[in-house]
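The numbers in the sequence shown follow our numbering, run straight up by one, and end at 1356.
Bear in mind the hints are in silico, worked out from the structure with no lab data behind them. Note that the Cβ used here is the ideal one computed from N, Cα and C, for glycine as well. Incorrect hints may appear among the rest.
What follows is a set of in silico ranges between Cβ atoms, one per label pair, in the way DEER data are often shown [as the list claims (entries may be wrong)]: (1) Gly1350 x Gln1257: 33 to 41 Å; (2) Gly1350 x Glu1256: 17 to 25 Å; (3) Ala1348 x Pro1275: 23 to 31 Å; (4) Arg1255 x Pro1337: 21 to 29 Å; (5) Gln1257 x Thr1325: 21 to 29 Å; (6) Arg1272 x Arg1349: 32 to 40 Å; (7) Gly1350 x Thr1322: 32 to 40 Å; (8) Arg1286 x Ala1319: 15 to 23 Å; (9) Glu1344 x Glu1276: 32 to 40 Å.
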Amino acid sequence: MRREQVFARDEYQCVYCGERFEPELLTVDHVQPRMRGGDRSGGNLVTACGGCNARKGSLRLAEFLRADDTARTHFFHLAAPHVWPRIMRAVEEELARGAPSARR
């Protein structure tokens, strides 16, 4: 899936902070970071502003959402319909367990 397609699907809105941006201020974020086994499929890509993408970095999604209430609220509302169900289930289960931060 191309960047422009991800932005259009997400209506040019960062799925973490909920703000809308011009395309040149947006980035594509890998929900499951590539360095942690994530791929480039549409179900693993979401629109993020530069600030949110930088804060998330290579954190697992549950780690990032646990630390950022705003991101947690917006992500489940804006991105959940587009993200692979297996990723969403894993994140929801980890958040429910209150699992410790990922091993690095």
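Cross-check of the supplied hints:
1. Judged by the Cβ atoms, the range 33 to 41 Å given for Gly1350 and Gln1257 holds: they are separated by roughly 35 Å.
2. Between Gly1350 and Glu1256 the beta carbon distance is about 38 Å. The supplied range of 17 to 25 Å is therefore violated.
3. As the Cβ distance of Ala1348 to Pro1275 is approximately 35 Å, the hint placing it in 23 to 31 Å is violated.
4. Our hint of 21 to 29 Å for Arg1255 and Pro1337 holds, since their Cβ atoms are close to 23 Å apart.
5. The supplied range of 21 to 29 Å is met by Gln1257 and Thr1325, whose beta-carbon atoms lie about 25 Å from each other.
6. Separated by about 33 Å at the C-beta atoms, Arg1272 and Arg1349 satisfy the suggested range of 32 to 40 Å.
7. A beta carbon spacing of about 19 Å between Gly1350 and Thr1322 contradicts the range 32 to 40 Å that was offered as a hint.
8. The given range of 15 to 23 Å is respected by Arg1286 and Ala1319, whose C-beta atoms sit roughly 21 Å from each other.
9. For the hinted restraint 32 to 40 Å between Glu1344 and Glu1276, the CB-CB distance of approximately 33 Å keeps it satisfied.
Hints 2, 3, 7 from the list above are not met by this structure, while the remaining hints are.
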